[in-house]
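2 protein chains.
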Amino acid sequence: MIPGYFWLIPLSAVFVLYMATRFFGMMKNEPAGTERMVEVATYVRNGALAYLKQQYKIVAIVFVFVAILLAIMAFKFHLQNHWVPFAFITAGICSGLAGFIGMQTATQASSRTAFAASQSLNQGLRVAFRSGAVMGLSVVGLALLDYSFWFVVLNLFEDALPQNDRMIVITETMLTFAMGTSLQALFARVGGGIFTKAADVGADLVGKVEENIPEDDPRNPATIADNVGDNVGDVAGMGADLYESYYGAILAAATLGASAFATSNSDLQMKAILAPLLIGAAGAILSVLGIFFVKTKENASNLELLRSLGYGIKFSGLCILLASLGIFYFLDIPDMLWRLWGAVAIGLISGEIIGKSSEYYTSQAYSSTRYVAEQAKTGPATVIIGGMGVGMLSTAIPVLAVVTGTLLAFSLMQNFGGEKNIIMGLYGVSIAAVGMLSTLGITMATDAYGPIADNAGGNAEMCGLGEEVRKRTDALDALGNTTAATGKGFAIGSAALTTLALLASYMSAIKGSMLNSGRQSIILDGNNILVESLTLADIINYFQIHLLNPNVLMGLFIGAMLSFVFCGLSINAVGRAAASMVEEVRRQFREIAGIMENKAVPDYAQCVKISTFSAQREMIIPSLVAILSPILVGVILGVSGVVGLLGGALSSGFVLAIFMANSGGAWDNAKKYIEEGAMGGKGSNAHKAAVIGDTVGDPFKDTAGPSLNILIKLMAMVSVVVVGITVSFS
Amino acid sequence: MIPGYFWLIPLSAVFVLYMATRFFGMMKNEPAGTERMVEVATYVRNGALAYLKQQYKIVAIVFVFVAILLAIMAFKFHLQNHWVPFAFITAGICSGLAGFIGMQTATQASSRTAFAASQSLNQGLRVAFRSGAVMGLSVVGLALLDYSFWFVVLNLFEDALPQNDRMIVITETMLTFAMGTSLQALFARVGGGIFTKAADVGADLVGKVEENIPEDDPRNPATIADNVGDNVGDVAGMGADLYESYYGAILAAATLGASAFATSNSDLQMKAILAPLLIGAAGAILSVLGIFFVKTKENASNLELLRSLGYGIKFSGLCILLASLGIFYFLDIPDMLWRLWGAVAIGLISGEIIGKSSEYYTSQAYSSTRYVAEQAKTGPATVIIGGMGVGMLSTAIPVLAVVTGTLLAFSLMQNFGGEKNIIMGLYGVSIAAVGMLSTLGITMATDAYGPIADNAGGNAEMCGLGEEVRKRTDALDALGNTTAATGKGFAIGSAALTTLALLASYMSAIKGSMLNSGRQSIILDGNNILVESLTLADIINYFQIHLLNPNVLMGLFIGAMLSFVFCGLSINAVGRAAASMVEEVRRQFREIAGIMENKAVPDYAQCVKISTFSAQREMIIPSLVAILSPILVGVILGVSGVVGLLGGALSSGFVLAIFMANSGGAWDNAKKYIEEGAMGGKGSNAHKAAVIGDTVGDPFKDTAGPSLNILIKLMAMVSVVVVGITVSFS
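These protein sequence lines are chains A and B, in that order.
Numbering of the first sequence is given in the working numbering, commencing with residue 1 and proceeding in unit increments.
Numbering of the second sequence is given in the working numbering, commencing with residue 1 and proceeding in unit increments.
Don't read these hints as lab results, they were simulated from the structure.
Note that CB positions come from ideal geometry on N, CA and C, so glycine has one too.
Watch out, some of these pointers could steer you wrong.
Stated by the list, open to error - In silico BS3-like cross-links for lysine-lysine, where the CA-CA straight-line distance does not exceed 25 Å:
no. : chain 1 : residue 1 : chain 2 : residue 2
1   : B       : K208      : B       : K599
2   : A       : K688      : B       : K688
3   : A       : K682      : B       : K688
4   : B       : K682      : A       : K688
5   : A       : K76       : A       : K511
6   : B       : K471      : B       : K208
Claimed, not checked - Just so you have them, the derived chain B footprint on chain A, three or more residues with Cβ under 8 Å:
no. : segment
7   : 572-586
8   : 650-662
Said to hold, decoys possible - Output of the computed footprint for chain B on chain A, the stretches with three or more beta carbons under 8 Å from beta carbons of chain B:
no. : segment
9   : 396-403
10  : 406-416
11  : 496-503
12  : 534-541
All chains, please: the whole structure from these sequences, using the hints.
Structure representation (structure tokens):
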């Protein structure tokens, strides 16, 4: 039943998780710095833990509630497999765990990175990067392990059906698990994003602008909250986000593999299901190798720093390209070996192009960000207009890369087996998505290390470490902005590919839910057709999923609108939360005598509390939008409306997310470029303008933008889960 | 052949044009103000004429070039009716003429409005508003006349076919005329938008911020260019834009009428074709009545001013509702009388909702704009974040209004004649679009009067008229921001409806182009089917226009991306053009001694020249994007890719345009609200922050945003025109 080679997957997961603990141990063995540094780090850690505790509490309530609903759907109405509610919860727990581990690591790493940076840049990079690696490896390890666990469990219990049908049921059941990760990720991204940006904006506006004290000055009451925010938003939030991307991509590929090869021999079908997991497993192991590759020399320029990270990623990418060829060879699938390998290569190359393009548009080493910095000379208005323009133009390359990659991967596989087959083609696309994310272990390490470096800089500043240290952590942090934009590019690029696969899953779930609801036959083009024997083309035809159907078109409009409204909600949430923070910081400066003279300690905890409370309150409505809109649209506009909704949210949300991530990255690094001495340097009018640009970019790149890919997938997942309801209203 | 009642259409067009000349005469009869006021107005007029001359020169070259291409397609390859090239040119000329007339009126009206405002607010409003009316009435009059002319010509010459087929050929031929208006409108909007914002930003940044002189101070070298910009961008550009919307909506409705009733008796078909034109004609006449209705009392608050305009519009709207019932009754179509009337009502109501929603989100009388003003207290970053958030949220109501309106209008008509019929349903949607735009004569007057008031304020400032006058013109201008946002809402709302109709036209054009290229039969689902007898459903099926076809999905992505890239291009163009303007203004302050002491006159003409040159250079690439993308996508991805492209551009562009228009309007009026004394009033830090918000909003609301609806329609038109090429590559 389960082939022997399957066990390589949990095995490599365990190995990777073991390596994560090793990296964690290495980091812990580094000196934690002076007493003051440890003290500051403890403040930050406690704040972060307090926040996460609060967030997980709310998430737990929501999860229990949704699980009960799923259980009712499963046990009472038989709309779902009865394993779904349980797996929904484990998936959510694993995703939350990945974020938690990352945050634990990051908060331990900050003082250690600051201390290492006081010795050399290379030391600083190593500590920060390896701490990031803990998170990258935890994410892939946990995802592979969770998958393996449920694959075994379901295979043990679901043994009534014939093998091929069983695999379809198992993979489709497992696909809905991903709703757990998506929901967890949405809460983590939106809540964390609101927290971090409220604290950041609040700290900057009062501290830097009104009181004229430097960033991360310990006299600023919001400075701890700001550093906590880097952890809960940029580390824990991003961890849950990328866990969701990775898990979703693998699940979608496995599901499509099962249905594309439903009529092949069951051996081939099993290979198609497990191939994406094997690629993931190989990628995980190779990421470990790549991580050891990253190092840099002292006084490295930004470009050199970027390159040294790039070498690690490229090394892993090339290895995975070879390894996947080995995997397909080992699986003994001569007919489609080169096609599948081509799809993996397409995914890796598209990912590389998206990454390069993010790097080009957001690094101060290149002309776009320098142009934005140049615009700062004429004030805040032009710097903001410039950043917007750059961000909008920056959508072209990633979209064209995804479009080209999708079409190539699709056409490679669609003719496999002789005749055109959409599901087979989409299987190729989903393999490309897995290829793109196969090196996630290392790309995520390059992403997670940014906030660690940022926190290290904060720690250095608060503990009065020398100018040189701060300069080094700033160099690492600037790099982090670019790698973060790259990470977001990967997340959104793979989300686009994965959502295409989810669309297909949605269409195939329709048939099952028609059968479940007792519909045995339908009338199509005047003929009475058994639901049992409906093809995908029949379903497309029956529900009129074409672009001249007004329900589809109106779904497109609503989907596009929702991605803007979702961003508007989270941006306004940041605005409101920041306003409360500003009030609180002003109050403390006013009421606690002696803060400015370093004679009194500000009430850091109160600021953390305000950000926590605001984040919790403000994440509710955006999350409800994501969950309720597919249900409402399904009830009102039926299946065709839902497909339109997903298409509209996907296309607009994809482009909007890239725009926001790159605009935000460009503003941030334009500011850093000026701080490095360009356009008059720190304190110049250009610098002041650039700080404003950076503040505007904050909710763009860290709250609204990166939540969009989760929104899209969550909407797709919810659509799949409630398809029974939608079909009954169609 | 042509029924007698047809002649009511040209007759009412002539009446409305006559009334436009009357309003023009009334305005000319007002006193033109002091010598200095006339002098300033002459500067502005000459600048505007110089710009338009330059723009029309370039547009003429492009038009001749495209007309030759169309002629080759028509006469050599028989891909087009041979009237297309000629009508393409007259349509472009009429559209340009509407803008030109509006601009002539506006430049004559500015000093007169300023002088009238020096007497009373009500006087100022009357002069500005009636001048705006000249343009509104010219637009509808010219559009109806151009249509009538070609309808007669084509009916005279195309007499070989049987009546029903002939009407299809005639209306489809006329639909492609709209490409002329769209192309003209795109150049006018993009070029004019770049001109006006480059001058505005340049004048503000150096004048207000660096030299600390008030807006429209005659010492500012860019001040004339700034006032010229209001005319070429906000008047001429908007005129061409709304001409395009109106003409396009009527043409699309007539075309769908012809094909929806292709198999009915030819009398009914003719009624379906002429109904939208009769509604337009009635609306035009009723707009004249509404215009006489608008007046206000002295010391009116903003809300009262808005109301007085609103009464005029509502009065016209109610009248057109009654009149259209009369028209349908007169046409003697009992079976569909209530259905069509329902569609008109839906269009009017949706338009009213969109307008109200723009008003709510952009008027300082309501909480959203006040919230943005409130955010100015904490600086430019929060005011910009606030405006973004508000703009994004503001997309919900207009989208839902269009969605609901479309679905209702569609379902009213789709069952007409017994069985479900997409084309019949879309005919209902296009009638709703005509209903929405039926009061364009007056809604546009409320739109065009804004820049007139703005210019009057400039004139008053430059001529040193009292504080009171400026306050009155400012009140009028503030209102103009809101009515402009409303006008943009109408343009984009109707564009969404019209583009749906164009999608249908695209699908029906496919069949013709298959026949033209000699394809007699196709194989569909294994059957050989004659192209002649293909139904819409067959074509949808054959070209796989469904959302699981990767070509469609990738088209969606590309379409969404292009709307962002197009905005990015035009925003960056403004940035670059503004930078040249800033340099020039700085140079003049530096090199021309005595400007600041009023001892020397700045070189106004040089600034006009710079804006003109920049606008001309920068409008080329965005326009090429609009024209080439449907051709390229058609060649590479075929028919399904083009349909996806249009769907993606439409859904994303629609939402993006609302976002940009409303954000921009909210920033502008938040600034005005502060200038009226809120949040510390003029000169406060909040005011400075709000000025920055306003500057960021400028390219949003006056360059990129309002060009999007033209982009969408132009892409659709180009797709229809080159469908022959696309089909041969599919």
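Handout entry: Index of numbered hints that the structure contradicts, given in increasing order
Key = Structure breaks no hint.
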